[in-house]
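2 protein chains.
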Amino acid sequence: MARVHNFNAGPAALPLSVLEAAQKEFVDFQGTGMSLLEHSHRGKDYDAVHQQAIALMRELLAVPDDYQILFLQGGASQQFAVIPMNLLPADKSADYVVTGAWSQKAFGEAKNVGKVRLAASTEDNKAFTRLPTRDEIKVDPSAAYLHFTSNETIHGVEFKDWYPETGSVPLVCDMSSDFMWRKFDVKRFDLIYAGAQKNIGPAGVTVVIARKSLIEKGRTDIPKIFRYSTHAGENSMYNTCPTFGIYIIRNVMQWIKDSGGLDQIETWNREKAKLTYDFLDAHASYFRAPVAKDARSVMNIVFRLPSEQHEEKLIKEAKAAGFVGLKGHRSVGGIRISAYNAVSVDSVKQLLAFLDKFEKANP
Amino acid sequence: MARVHNFNAGPAALPLSVLEAAQKEFVDFQGTGMSLLEHSHRGKDYDAVHQQAIALMRELLAVPDDYQILFLQGGASQQFAVIPMNLLPADKSADYVVTGAWSQKAFGEAKNVGKVRLAASTEDNKAFTRLPTRDEIKVDPSAAYLHFTSNETIHGVEFKDWYPETGSVPLVCDMSSDFMWRKFDVKRFDLIYAGAQKNIGPAGVTVVIARKSLIEKGRTDIPKIFRYSTHAGENSMYNTCPTFGIYIIRNVMQWIKDSGGLDQIETWNREKAKLTYDFLDAHASYFRAPVAKDARSVMNIVFRLPSEQHEEKLIKEAKAAGFVGLKGHRSVGGIRISAYNAVSVDSVKQLLAFLDKFEKANP
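So the sequence lines, in the order shown, correspond to chains R and P.
Take 1 as the starting number for the first sequence in the working numbering and just add one per residue.
Take 1 as the starting number for the second sequence in the working numbering and just add one per residue.
Do not rely on the hints blindly, as some may be mistaken.
What the hints assert, rightly or not - In silico PhoX-like links for lysine-lysine, alpha-carbon gap of 20 Å or less: (1) P:K224 <-> R:K105; (2) P:K313 <-> R:K44; (3) R:K160 <-> R:K183.
Said to hold, decoys possible - Sample of chain P residues lacking proximity to chain R, with all beta carbon distances greater than 12 Å (derived): (4) T133; (5) D135; (6) S168; (7) L171; (8) G233; (9) K274.
Derived by calculation from the structure, the hints in this document are not laboratory data.
Backbone N, C-alpha and C define an ideal beta-carbon position, used for all residues, glycine too.
Isolated chain R, as found in the complex (with noise of 0.2 Å):
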């Protein structure tokens, strides 16, 4: 079948050129006579594929020799609990900031692990439809850390034109949707974590970029396989590592790199959102963005129809016609546009087009 327009929350696409190579050479990995998949981790040849994916990413994202990058399992899901695990000793408590559903079940899932506190919440009528302002957000001098989500994948709220101030309290990040969409001053954070599985590979790999130090500070009255420091040290090879989607990472990092970097990677995915926000904001009584202008999303654009009717017949034939992953996160209903770094901006201008046309079609 003619590929189709991706518009999935994640996993989600990749770009085509990273795909073909990975399926030229799948059954027999650079003339080796195996798969990449039936390499041992502890191998020559995969371990040049590792050290790789970490240089490509420290290149592009100018990461500090001061910070590690890690390459974990579990997902995001996962983090929620192995950071308090990690950072919050039994004598302080953590504090959150809750902008969705996502940084809810990380504040959730710390509470299953020691004290935790709420510095802001934009739950406002269970709506989740702005950013905190920067008064909002009490933050507890003493507190072991502050977590924030920089992107909410199922509200479409995003943190891009500031983060939160925290002083000398270390600061957490939640970066899995909208990780590597642009550069980032890495020095503004302590800790970044991200599933790979929307901006820079498949599912099963979880980034984390975290300050030596503060890594070097975790506690170790937990398993040894959930301190940071264990991965740390032995650069993420403790126990057998994901090894298929470290190497789809690595070939999303060329593939960034070759493209011109970030930046340019920056700008086709400012102009994909400004395309799409523009063409709501002139169809703004049928196609409802809830999101307020400073806190919306540039990776996930979420809005309504006219009708719960409207949107299912949208979705449908919107797939008919090869955009497929627009439906809303079930917990929210309506229309999500997923546009990650291997979405181009072709395919938003023809679902623009499309969407122009159901409008006309459907009043």
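Following the hints, put chain P in place on chain R, whose structure we already have.
For chain P alone, coordinates are given in the frame of chain R:
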């Protein structure tokens, strides 16, 4: 390059037909216009794969209805912690049988979670070359569970003719490196776990098969992500599952079925092991197999040569001749032949002919 004979200990050989089929549909999965990597884990296309993987494993192993099959992340090493987190209450102790490096690691990690006790150890002069006798295993009748490792991948020691008797104490088994090499009676166990990257798939998926009543009794004062009940309640879709790994497992399950089921797989595995051990025994003055005969692993066959120089030369020349993965684990040295399900009888025959020639050429 021509396909090599792959004796890697894991990640390991996969059936060529499975790899070729995955390659063919790698960019366009079943005519959907997307790679399987790009499909939503909540979509119907992936969901069918997920259900088939579970159903085929259930069918091949005749898993009873009161057991649940889970696909998790983090490897067996994560289960070393997650098992006591779920099953070991503060007022109880857990029993461990230590027969090699992996059960020792499981025992060590469990100490970071709760109270544990050694029920038996075969660490005789650090050698781990035998199984305990039935009488050596001293089960604490009030233990929360007894844990053992059915096959020690590094030391080549396997429980194949009997399992520990624990009465009413739940029996927990790490089957990572001998899972599905044959049929076995699932009801003998309360919880079985296995990293996929030996007999059934790539790295990044861990299978857990557990009695539903045990899952339900699991501790709820641990993070939600680590409760078996969380994953059981969502059929391993609580959070984004490692979709591609599960897809490969589905295909390997289908390959086992198409090959004649686990009885046929067992016949091949026993033939490979018999050929190899018969060869080693017939050349015992040159190839020294240290493991007691009744403990010899069908999957991981370990032996030494007259000197380390001989071993290095063998590994190098074998690789040049197309036999890879023969180096023993760095912690024990020597030679290891891992002959998992996807390693053919013919590959083993060719390797033994090579070993025979090597012996003659290098007295």
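Hints, one by one, checked against the model:
1. P:K224 <-> R:K105: holds, 10 Å
2. P:K313 <-> R:K44: Answer holds: P:K313 to R:K44 is near 18 Å, not above 20 Å.
3. R:K160 <-> R:K183: holds, 11 Å
4. T133: Non-interface label stands for P:T133: nearest chain R Cβ at 31 Å, farther than 12 Å.
5. D135: Holds, since 32 Å exceeds 12 Å.
6. S168: Non-interface label stands for P:S168: nearest chain R Cβ at 27 Å, farther than 12 Å.
7. L171: P:L171 is indeed farther than 12 Å from all Cβ atoms of chain R, at 22 Å.
8. G233: Check passes; 14 Å lies beyond 12 Å.
9. K274: holds, 25 Å
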